[in-house]
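Chemist: Fit chain to chain and form the complex, with the hints in mind.
Respectively, the protein sequence lines represent chains A and B. Using the numbering used here, you'd call the opening residue of the first sequence number 8 and step up by one each time. Using the numbering used here, you'd call the opening residue of the second sequence number 114 and step up by one each time.
Please note: incorrect hints may appear among the correct ones.
[As the list claims (entries may be wrong)] Here chain B is said to cover these stretches of chain A; the calculated rule only asks that three of the stretch's residues, wherever they fall, bring their Cβ under 8 angstroms from a Cβ of chain B: (1) 67–74; (2) 94–106; (3) 109–118; (4) 122–131.
[To be verified] Label-pair ranges, simulated between beta-carbon atoms: (5) A:ARG75 - B:LEU378: 20 to 28 angstroms; (6) B:GLN157 - A:ALA201: 38 to 46 angstroms; (7) B:TRP241 - A:TYR32: 20 to 28 angstroms; (8) B:LEU378 - A:GLY135: 17 to 25 angstroms; (9) A:GLY156 - B:LEU155: 22 to 30 angstroms; (10) B:PHE242 - A:ARG75: 39 to 47 angstroms; (11) A:GLY58 - B:ARG367: 23 to 31 angstroms; (12) B:TRP241 - A:ARG75: 14 to 22 angstroms; (13) B:PHE322 - A:GLN187: 53 to 61 angstroms.
Note that these hints are calculated values from the structure, not bench results. Just so you know, even glycine gets a beta-carbon here, dropped at the ideal spot from N, CA and C.
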Amino acid sequence: MQHVKADKAMVPPGALEVSAVSHAYDRKPVLSDVSFRIAAGQFTVLLGLNGAGKTTLFSLICHLFDVRQGVIRIFGHDIVRQSKQALGRLGIVFQARTLDLDLSIYENLAYHASLHGIGRSAAKERIGAMLAQVGMHDRLHDKVRALSGGQMRRVEIVRALLHRPPLLLLDEATVGLDIQSRGEILATIRTLVATEGMSVLWATHLIDEVDANDHVVLLHHGRLLADGPVSDLVAVTGAEDIGQAFAVLTQSASQAQEVGR
Amino acid sequence: MMSPLESDIRVSDNRGKRLGFGLGNYLICFYGIVFREALRFLNQRERFISSLVRPLLWLFVFAAGFRQVLGVSIIPPYKTYVLYEVYITPGLCGMILLFSGMQSSLSMVYDREMGSMRTLLVSPFPRWFLLVSKLLAGVAVSILQVYVFLAVAWFWGVKPPAIGYLFILPALFLAGVMLCSLGMLLSSLIKQLENFAGVMNFVIFPMYFASSALYPLWRIQEASPLLHKICLANPFTYAVELVRFALYGQVDWRSLVVVVGCSLLFLGGAIFAYDPSKGLLSRRRDGGGNS
Numbered sequence: 008m009q010h011v012k013a014d015k016a017m018v019p020p021g022a023l024e025v026s027a028v029s030h031a032y033d034r035k036p037v038l039s040d041v042s043f044r045i046a047a048g049q050f051t052v053l054l055g056l057n058g059a060g061k062t063t064l065f066s067l068i069c070h071l072f073d074v075r076q077g078v079i080r081i082f083g084h085d086i087v088r089q090s091k092q093a094l095g096r097l098g099i100v101f102q103a104r105t106l107d108l109d110l111s112i113y114e115n116l117a118y119h120a121s122l123h124g125i126g127r128s129a130a131k132e133r134i135g136a137m138l139a140q141v142g143m144h145d146r147l148h149d150k151v152r153a154l155s156g157g158q159m160r161r162v163e164i165v166r167a168l169l170h171r172p173p174l175l176l177l178d179e180a181t182v183g184l185d186i187q188s189r190g191e192i193l194a195t196i197r198t199l200v201a202t203e204g205m206s207v208l209w210a211t212h213l214i215d216e217v218d219a220n221d222h223v224v225l226l227h228h229g230r231l232l233a234d235g236p237v238s239d240l241v242a243v244t245g246a247e248d249i250g251q252a253f254a255v256l257t258q259s260a261s262q263a264q265e266v267g268r
Numbered sequence: 114m115m116s117p118l119e120s121d122i123r124v125s126d127n128r129g130k131r132l133g134f135g136l137g138n139y140l141i142c143f144y145g146i147v148f149r150e151a152l153r154f155l156n157q158r159e160r161f162i163s164s165l166v167r168p169l170l171w172l173f174v175f176a177a178g179f180r181q182v183l184g185v186s187i188i189p190p191y192k193t194y195v196l197y198e199v200y201i202t203p204g205l206c207g208m209i210l211l212f213s214g215m216q217s218s219l220s221m222v223y224d225r226e227m228g229s230m231r232t233l234l235v236s237p238f239p240r241w242f243l244l245v246s247k248l249l250a251g252v253a254v255s256i257l258q259v260y261v262f263l264a265v266a267w268f269w270g271v272k273p274p275a276i277g278y279l280f281i282l283p284a285l286f287l288a289g290v291m292l293c294s295l296g297m298l299l300s301s302l303i304k305q306l307e308n309f310a311g312v313m314n315f316v317i318f319p320m321y322f323a324s325s326a327l328y329p330l331w332r333i334q335e336a337s338p339l340l341h342k343i344c345l346a347n348p349f350t351y352a353v354e355l356v357r358f359a360l361y362g363q364v365d366w367r368s369l370v371v372v373v374g375c376s377l378l379f380l381g382g383a384i385f386a387y388d389p390s391k392g393l394l395s396r397r398r399d400g401g402g403n404s
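The shape of chain B in the complex, shown without the other chains (with noise of 0.2 angstroms):
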């Protein structure tokens, strides 16, 4: 009896046919790749609520707490003096957005080591295209991320105006594609997936920490001169500022010239690291196919 398997599988040659890719194939893919992301972070769902519990417990419990500490004074985009769990709230969505960023490049490492990337890489659309789609993906479930927390924020009574919520999406896309650039930066430049906890010590923490998320920079100015001066060369204070701002209905062009800057450098780094003709990875040796 023939096997399942020894059944014939009808395989059409495509040796003479030239492959031509339209838009609408661009598309075709750029959907398939971002169907996927989407697919895997609704089957992680600890991954969904545990991107949600961590800004929920410090504007629950931090900003709480800090309530009466730290209240911050008229400083634009604000016009009144606002509680601390307003000022915090777009540092927030700047923590989602730099985890989510940091949690595509984990997600990138684990795909090399379990070998998925390559299935992705030896598609036969330009390698920059693949990696940008990809990118986007990633950009576009971390913004979802925002908007379930901002939705739960305004029940906890941080209510900015209703046009901020528009205004904030270009916001967020801009400094997701900064963040998530970074990521994928840097998960060509981790080997192994067992470092990723130097990503969280050496780039998250710090960046996320060193940054206007949490205090003012004017205040940060008089406690230290030097952590000031670190907060205005790191590009996560401009990502938040450039979405506080937005959140409001403003644009910090400031922000938005570095955030753009920065996504651009990033992102070139990124594809450059991955360009099979520059990379890194193929100077990188891992036996039995891992690549």
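For reference, chain A alone in the conformation it holds in the complex (with noise of 0.2 angstroms):
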């Protein structure tokens, strides 16, 4: 038992750690089980078609539902009985926009500042930096309703990274660009983990936005698949790239699901 212990204590919390994580709603189940974890400074993928539970499982990520079974950490804070310290450390883009169309890239992105209890100079300095660093300085009092879908993603990215977090999640976060927003918002998240050592959670269901070298959740029907190197997922199902990978996965777990109605 003290030997456990001692390992336990040796390793480092990661960034985001699900643990045996089930969520239902009214009884009909969502997610069953699910473990993985993100190690600090890492590219994951949340690979799934839609209504494999990505949205479920981010949720409960970032507490917008308890999590009833299961733990989930973030940098070693309980979401549900730390949620202060693990939301502190959490930025996330939503699938759905969330900005209010009604007011400015700036009071859009300063009313998220005062939720997390930056005040309105250092708020300021932050948003100006970060919209030039995004090319959009000059936006910065155009109402949102002017702006083109891209450029709303862009924004809600800077506002997911005001208050500086270590963990990134995002949802969909592409869904509705073109290829060259696609690309562009991709290559700047990739870039913030490679430059910044910023862990990242990518949830898509698109399997071009998975690179050779990322690691990847693979939820199917609320189950995990797959958990792994993009190689080792490869080469166990014996496959050529990852698509034929999720394809011979996803449809193994089907047929399995099948047989067991």
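Modeler: So, in structure tokens, the structure goes:
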């Protein structure tokens, strides 16, 4: 027993630890015993078809819903018991647009800064600098309504980073964007991981957003099918690439479920 | 060429930092929520105008029409026979608070559907603090509307004692907290924006008409003992009476107790409903990330 404790003490907490998490809506299970870990400074793709349970998992990680079964920790902080510590370390880009269309970019970002207790002058400084970095400093006082989909996403990414979180969650962040905007946003996030050591959980159903060096967590019908580097998944399934590996894993899981019924 | 988005956004790592919020941080958060609510209100000029037009129509048209029929005899807090416009004014203040409270409920349902509610709920500040701040922001906006209405009513001849304008402030605050809390509680029960029409028909209109806002309770009792009982069970009646007495520099203790009690009840219910561990939202499924 002591040996186990000593081992645990030596392992630094992961950026995100999801342990045996299950969730149901009105007794209908949507997540079943999901466990995975994201190491600090790692880009992880949460891959799954529509309805796989990605958004529910996101809602649990950011404590919109309570974790009733299992545990979620962010840098060692339990999202339920230490939600302040955990949420303060988390930046989130939701799938649906969450900017207030009737307010300006600055007003939206300043509002977010205040929700993290950041004072006006510090917020102003950060907003100016970060918008400049995404090439939108000249749009500071434009209404969000006037922005394109890609520009709104950039603002949402800036907003998610405004309180300088070490872990960033993005739920289908490129849905509805053109190929160029998708590429730019993905490149930005990968740059953050490479240069800043940021940890990222990137949820998507688009295989072409997965890079050969990524770590993949594969969800299917609320169950974890795979968790590991792309190369391992490809090797284990005997596939040629991640797309094929994804198809093999999801099809065999669906067949197993059919047989089980 | 590197696209603007590929440039490096500097992110400080706060892994090791303790996130302790002091009073200053709480004030920043509170101010941010109130400021956003005020901005939204100012940006929606139609909302401001319609919130004033409704009670002013009642004052200018309805009350003027009923003036000859419905003079009100001497009942507390009035020391003389009063015109119907004078009687109805506290009820119209209550109407502004009621509609504003429900409007804030509508805006919460809208925020939830549009997703901006989530940005509030994932803040590291305690959930109860965020909801109370949002509620107080809504109350502040509705109090502002009441004062603008009272200023217009003054030119129409409704002139309560000057001290009343000061006394009415805590009464408006308490009544506003009660009605906004009710709105917040309702917003947790409404699944879609379209269902808000039900709130209009089943909450706002019954609450308004089955109260002392338009007629004194003794008159209602004469007309229908059942309706009188319903009015007595309606918390909005007490909100109106609290405002009415305060406008004349008096305190109606029974109304004060009922309004404070209902505020605590509704607010507790709203905080419960929005609590991820207990509330109703986590039992609800919305695809594609809407929660």
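Chemist: Report the numbers of all earlier hints that the structure fails to satisfy, in ascending order.
Modeler: 8, 10 and 11
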